[in-house]
Amino acid sequence: MKKTSIIDSSYKDELKKVFSYKRNFLILLFICVLQVQATELYPQTSKFTISFERITLAEFFDEIEKQSEYLFIYKDIDVDGVKINLNIKNATITELLDAALEKTGLSYTIDGRHFSIFRLDAEQKDLKNAASDPKIQNYPKYQNITKKNITGNVTDEQGNPIIGANIKENGTTNGTISDENGSFSLNIEDNALISVSYMGFVTQEISTAGKTFINVILREDTKILDEFVVVGYESKRRRDITGSIEIVNIDNLQKTVSSSALQALQGLASGVNIVSSGAPGLDSKILIRGITSFGDANPLIIVDGIEQNLNNINANEIESLQVLKDAGAASIYGVRGSNGVIIVTTKKGKISAPTVSYDGYYGMTYPLPGNPFNLLNSEDFMHVYNTAIPGNELFARGMPDYTYRGPNGAGVGFESDPEVNPANYFYEAPNRGRNYIIQKVNKKGEDWFHHFFKKAPRQNHTITVSGGTEKAKYLFSTGYMRQEGTATKTSLQRVSVRINTEYSIKNWLKIGENANFIYKSTPGFTNQDQFSTLTQIYRLFPITPLKDIKGNWAGSFGGPNLGSAGANPVGAQYRSIEKDVDRQFITLGNIFAEVNILKGLTARTSIGYNIQNLYSQDYGPNITENIEGSSNPDNLTISSNFATTMTFSNTLSYERIIGVHGIKALIGSEAIESVERGHFGSSADFFSNDFNYLILNNGTSGKTNSSWVNENSLFSLFARLDYSFDNKYLLGITIRRDGSSRFGSYKKYGTFPSLSMGWRISEEVFAKKLTWLDDLKIRGSYGILGSQNNISGNNAFSLYHSNLGRTYYDINGTGNSAELGFAQSQIGNANTGWEKDKVLNLGFDATILNQSLFISAEYYRKNTEGLLFNEPLPAVVAGSASTPVINIGDIRNTGFDISLTYKGTIAKDLSFSAGINFTPYKNTIVNIPDPGYFYAGGLLDTWDNICKNKEGHPMSSFYGYKVIGIFKSDDEVVSAATQDGAQPGRFRYQDTDKDGKITDKDRVFIGDPNPDFTFGIPLYFNYRNIDLSAFFYGSYGNDIFNSTRYFLDFFQYYPGNKSNRLLDAWTPENLNSTIPKIENTKSFSNCTVTNSYFIEDGSYLRLKSLILGYTFPSSLLQKFKMSKLRIYIESTNLFTITKYSGLDPELGGSNSNFGIDIGNYPNNECSIILGFNITF
Amino acid sequence: MKINKQFALVSVCILSLSIVSNCDNNFLEKRPFGTTTEATLANKEGLNALLIGAYSYLKGGSGGGFVSSWMAVASQDDARLGCEDGASIENCFLYDATNAYINERWVFLYSAIQNCNDVLRLLPEAKDLTDEEKGQINAEARFLRGIYYLYLAIGWKNVPWIDETVTYSEQNYLVSNTTPIYPKIEEDFEHAANYLTETKAQVGRGNKWAAKCFLVKTYMFQKKFSEAKILLDDIIVNGKTSNNLKYGLLEKYGDNFKTETKNGREGVFVVQMSVNDGANGANGNPMDYFNGPYGSPATCCYGCFAPYFDLIDAYQTDHLTGLPLIDTYQLTPIKNDQGLSSSDPFTPHEGTLDSRLDWCVGRRGIPYLDWGVHPGKSWIRSQYTDGPYSAIKNICWQARVETDREAGSSATNTPLSLIRFADVLLWAAECEIEVGRLSNAESYVNRVRERASNPQGFVYKYIDDNDPLRGFSSIPAANYKVGLYTGQFASNGKTYARKAVRFERRLELACEHQRYFDLLRYDGLDFDLANWHNWVMQREGSQPGFNPSNNYKQAMFIRDKNELFPIPQEQIDKSAGKNGISVLIQNPGW
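From first to last, the protein sequence lines are chains A and B. Note that the numbering used here gives residue 929 to position 929 of the first sequence, counting from 1, and the numbers run on in steps of one. Note that the numbering used here gives residue 453 to position 453 of the second sequence, counting from 1, and the numbers run on in steps of one.
Note that these hints are calculated values from the structure, not bench results. Among these hints, one or two may not hold up.
As the list claims (entries may be wrong) - One side of the interface only, derived from the structure: several residues of chain B facing chain A at Cβ under 7 Å: (1) Ala-49; (2) Ile-52; (3) Asn-158; (4) Trp-161; (5) Gln-171; (6) Asn-263; (7) Val-271; (8) Val-435; (9) Asn-550.
Stated by the list, open to error - Taking lysine to any residue and the SDA-like style, the derived pairs with C-alpha atoms no more than 20 Å apart in a straight line are: (10) B:Lys-30 - A:Ser-639; (11) A:Lys-997 - B:Ile-581; (12) A:Lys-1001 - B:Pro-588; (13) B:Lys-578 - A:Asp-970; (14) B:Lys-578 - A:Pro-929; (15) A:Lys-1139 - A:Tyr-1036; (16) B:Lys-553 - A:Asp-970; (17) A:Lys-997 - B:Lys-553; (18) B:Lys-578 - A:Asp-890; (19) A:Lys-1001 - B:Glu-29; (20) B:Lys-30 - A:Trp-708; (21) B:Lys-461 - A:Glu-764; (22) B:Lys-30 - A:Gly-744; (23) A:Lys-1001 - B:Ile-581; (24) B:Lys-578 - A:Leu-873; (25) B:Lys-578 - A:Thr-883; (26) A:Lys-748 - B:Gln-202; (27) B:Lys-553 - A:Glu-972; (28) A:Lys-748 - B:Ile-581.
Even glycine gets a Cβ: it sits at the ideal position worked out from N, Cα and C.
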């Protein structure tokens, strides 16, 4: 077989290229297998008898390949037109080649069964001639040459012997190969250089001066530049890439324990920010290169050609993951490319005997220790409460022993008081006003946090069976994951099955399929919600016990003024989530056929479906322990929906090398259609709360139902042309035209072009002299991307709706029925078009220092124009109808994406790699509708908005009054600018405009939730069979608006437990405190307006994972028929260094108000995991 | 042969590409689901449904959020927000043009107006309506539009007139707020009064007389007393409800707030609330949803809308004459249970009181409808910040809780009258005073007082306090005494008469969301609005034992500013023309 050279490749034949790609992987992944086989299969003992006349060299190599297992690698340019005559008998392969290449100016090297043919340059030719010509040996230069014998040992970085490595004296044909122990012996001239090479490893040149024994450690040649990466409808060699494509290190991705591939991606790709919460099953939020929209800025995620949610995919199933960041790369996805594209290829079967592997872990997650919310204990609480509400009933007689509430009211009691006699106790679940509840006061303080958060197990198991032949390849894998949340009763359970097969039916026809079935069960947890169960931890008083004296859940009902928590959070989780069902079944996959029509011309067709079926049941129990709503009936909500997305794509690709011109072209069409149908029903007041009784029919009141349908479609044509000149100058042109049903008839179609260029400087003659430089490419691109995420398919239509609770009216005066009414629900606009990104990208990729340092750096400027915004119409015309989405905003993101990886060896057997992914970006709102700003991030209705999105500022910036201190005295109040509610002990605001009055014009930008930069640092050490990796992640310069402080530091909002900070609150004796005085009155000067008191620095550095692994030596494993066994222990989130006072500085939220802590399920809980990787 | 096969495949590929390309146009046309367009509504049924949509705004609410808050904005001297907030910023005139509730109310009213305009705009396109039917729909839509504009006018005064010719597609919606609005409102009501029929098949619809009453209300806010008086004379003699009942007062005051007696002869225009109708309570007094006690056994509500101390004090009567202590009630504040817990002993006020007090305010020691004797603090969400009283007028009766309250919710179908006949009589009294016939005014006031003095309409003690559903005894719950005026109007003169009528309106219509606007009307006629508000806020703020550091301390009604709400800043911002200048002019002082 003929194959293009690895070093000087020429594009010749697509199919063969694919083959080489696969084989490289084989070599990389199954190096052990090969090294065993190399010597066994290819002893150079075959004898050839051949007679040819005037055949071309190419034909000659073909013939040898046919007769033997040998393969030849050469450059077309070297062999084209070379003809030889040959007549030889019983020759070994080397004798044969020596004869064939004589006088051709060509020579060869041997790698196992591979022969690389190369053209000798002038000097080499001289040497060669000199060596073989006895006359020349008499020249002085070659006199007095003493031969010496040198021995050595060749191993890989793990210390495994490399069998069959080529050891060659430089500039000669003198060489040998290493034996089964990796040892070799060679007679060489003194002080000669030897080179040691082996397929898949970096060739080393070693001076033998003064040595007789040499230990050679070969480092795996990751051949990064030759990797083929899938870049959207096609794959491409890494070195030829001109766009911005982040190729994620899959090893690192799979190392970190995570519930999804998306979660694991955090910090592994520069330019990509991922935020997760600790709640099992909650989707992570992802941003590529800043926020490009006020609405949905989620990137497009394509898995095996089909759009899919990466939150549902296990990192173990992934073969490769690329992030397309600029227009040069992403514009092939046109209107869906604006927010970047993530292309995922899952593992596929490879040519091998059936291989079974198992990956699994089991571990435990631990809740945050100590007092994470820094809450008061009971004694301190009493003190603070009495300060805020003097003369209150609760502590009127000191710390009570009991609290109670019955039909005639509530009170406190001491031991032996008649009111708290347990005989009075009465409880019925639907509280009909007869309940008499007695609660024993917890005088130390109830640890609600650790009632709510408990240690929780997690496990994951994946079994993969794969293999194949040239004709058919298959992979079957099944995974099971169960992650219990530390929050009571929360969990994620996922079962996934993946099957893919591929058949080469004819040499021109290939068909195959991918199928993926996912079952997911994750009872809902509402995160980042000011009324969520999590927030009840601090909204309950510390004196309130978990359960009342008879073991029912305790809460604010069982006493006077016990605060206004929404529920007993532990009780709520138990009663509700146990009866909740949240199941999703996803089937997706495609079938494809690939036809090789002519040489280099391939047609591919694929039809795929993503079918999702969701069923969710949400039970709301009687919350009898809570004063508010204690008589509300229980209720049940059930919804289900069915959604399908069809993707039908057809491509035609052509690839050809004509001399120094490389051409690669692709045209295609794609049709995508999504349909979603769902329904919803609820009812209330159930006779029994037994799980088996809970169906909608059994509710006795509050019955509602509804259903919905959504449909949209996209039809696209696209083309891409790549041209390379002499492998040095690269050019890529992409264009895509999308038609979308979401837009009105005037703006249905959009065109998205891009141009990218690259210059491989390292291929230039002058650069070849720089020995430290392995590869250097500079590249740039410019193009247009689009987004249609933030527009509904109905936008072009003016619509009217009816709504039972809004537009209906009881015109007949019955009191119990309402007549149908209509009102306008939407104003339509058919002129709305796409959001457009104009993206400029400049960068370089370099490999230097003998392939030990990889650098990639880029600068980008992304101007998002025509943001889809609801037109800000005055109420006089809009009324209650939603206003049409129109194109009226611009955002600019600029930034650098920098990644560095260094691989090195510290000592014998001890190697390491260290990297950093560094992501700084700057986001600026360039233009938004008049008046040039809008507010976002309002919490309770009575609170101000927290964020102001204003032109010239980053999105979601926090905006409010700047606290410049706390008024110390009445005198200070008088001398300061006039301020509503100014009093000693309250905030003093900055008089920004110096007009002597604090007005809303004094508000300033007080914080920016956008980080200056985020970074990930993967570290990896290897010593013999032991591997150690550490992964750090951090964020710097992001501010957090800690809204939990409304609850924790102020009695003015909902009474609840408070922070220990209040012990240091301002008093006339404690004038220098930064904590305002404890009081119960809301005021402009304490907490009714957004001010800088709530802003905190959210920078952090986290050791995301620390992994220690041991790989058993293969010699031992062979006895058990195993090819690989690795065990590891991993600890996640060993520490987080931050100044932030809340639970966790990693915060999600929507794009227009992120960085606000509203009671976030922390993502920094520590887990300890024990895991195995086994391959048979 | 092999090549042929390949070409066949290529053809298939190209064919499939072109198939998709050809069905391109249909493929990309997706019509909206689950909604309807103007085209399907331009007919008899569609227009009637749109008209119902226009009626539906009468229920109030604001499309979500803290629905009682609007009431709190406009309830100074009736009730404060409560719900632990005590006196809200809005209760104390501490809001500004960015206040969310003020904007919500503005948006809500213009939404309602848009809905009326939609009816008027589509009406000519309907082919299956007779001219008579069109005339009624037209008049009803204008009647409703008049109501919504009237609420805008009395709150903001300077509001843009948006009629059915203003639409998004015409891009003509940047309308200034400088044109006087009252003439437009009068036109709508006059049209409605001229064309609407006297009775309606459906009781909830506006009729001729309701339109006339709203026209009177429009006059009252412009101090056009003589125009109002002409109409009122006719209304009081000839007026009837849409269900053909001659206007009159119900026998018992409390029946005005009971579901079973709604749409009676006193109901000039009653909002039709409904519950258990499938809407999960959204149609049941959404604005008052949070009002009422907090805790068992009425086991509803959220403790909002907490009545003022001063309001309770105002219900004192002279123990001899039974007349209100118009000038002196403030000197003898009623004993209350502020600071006391439910287990502390407490005896309610024993002096003489107007019987309407206990239909308006829930207070310690008095039966709270048929829910039990109000125990004070244990039914109060936060006595320290809210005060000791509970709202009551929107609360349904325990005996009818199954039909009148949404299961598992605080929503009730208790009636909310936008105008009831007592209101009309007291307007008439005001007009008579202004035209100088004080004795006529007195007799109108006495008609209202006479009903209040009817012992049948008193609140009585329960037969058994532990089982309130067993019914009431014959012992009045408090010492009620309501007497009639006997010539005081004429003898004390116009200033006294004005005070007496206004006081009567306060007592009669307390907590029915009228008082705040009535005070606006009185301003300048023997009445200083600023003094009054500032006095009341100071009085509430200095109540012993009542949150000493609440918003009343900073409260301030500012003359030439707080008479009108600020035009919402958001609306000003959104109404900027191409030159960047808003067509909406902010109200004075803001």
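The hints, checked one at a time:
{"no.": "1", "hint": "Ala-49", "result": "holds, 5 Å"}
{"no.": "2", "hint": "Ile-52", "result": "holds, 3 Å"}
{"no.": "3", "hint": "Asn-158", "result": "violated, 13 Å"}
{"no.": "4", "hint": "Trp-161", "result": "violated, 9 Å"}
{"no.": "5", "hint": "Gln-171", "result": "violated, 9 Å"}
{"no.": "6", "hint": "Asn-263", "result": "holds, 5 Å"}
{"no.": "7", "hint": "Val-271", "result": "violated, 9 Å"}
{"no.": "8", "hint": "Val-435", "result": "violated, 36 Å"}
{"no.": "9", "hint": "Asn-550", "result": "holds, 5 Å"}
{"no.": "10", "hint": "B:Lys-30 - A:Ser-639", "result": "violated, 25 Å"}
{"no.": "11", "hint": "A:Lys-997 - B:Ile-581", "result": "violated, 26 Å"}
{"no.": "12", "hint": "A:Lys-1001 - B:Pro-588", "result": "holds, 19 Å"}
{"no.": "13", "hint": "B:Lys-578 - A:Asp-970", "result": "violated, 48 Å"}
{"no.": "14", "hint": "B:Lys-578 - A:Pro-929", "result": "holds, 12 Å"}
{"no.": "15", "hint": "A:Lys-1139 - A:Tyr-1036", "result": "holds, 11 Å"}
{"no.": "16", "hint": "B:Lys-553 - A:Asp-970", "result": "holds, 15 Å"}
{"no.": "17", "hint": "A:Lys-997 - B:Lys-553", "result": "holds, 19 Å"}
{"no.": "18", "hint": "B:Lys-578 - A:Asp-890", "result": "holds, 19 Å"}
{"no.": "19", "hint": "A:Lys-1001 - B:Glu-29", "result": "violated, 49 Å"}
{"no.": "20", "hint": "B:Lys-30 - A:Trp-708", "result": "holds, 15 Å"}
{"no.": "21", "hint": "B:Lys-461 - A:Glu-764", "result": "violated, 104 Å"}
{"no.": "22", "hint": "B:Lys-30 - A:Gly-744", "result": "holds, 10 Å"}
{"no.": "23", "hint": "A:Lys-1001 - B:Ile-581", "result": "holds, 19 Å"}
{"no.": "24", "hint": "B:Lys-578 - A:Leu-873", "result": "holds, 14 Å"}
{"no.": "25", "hint": "B:Lys-578 - A:Thr-883", "result": "holds, 19 Å"}
{"no.": "26", "hint": "A:Lys-748 - B:Gln-202", "result": "violated, 47 Å"}
{"no.": "27", "hint": "B:Lys-553 - A:Glu-972", "result": "holds, 19 Å"}
{"no.": "28", "hint": "A:Lys-748 - B:Ile-581", "result": "violated, 34 Å"}
Of the numbered hints given earlier, the model fails hints 3, 4, 5, 7, 8, 10, 11, 13, 19, 21, 26 and 28; all others are met.
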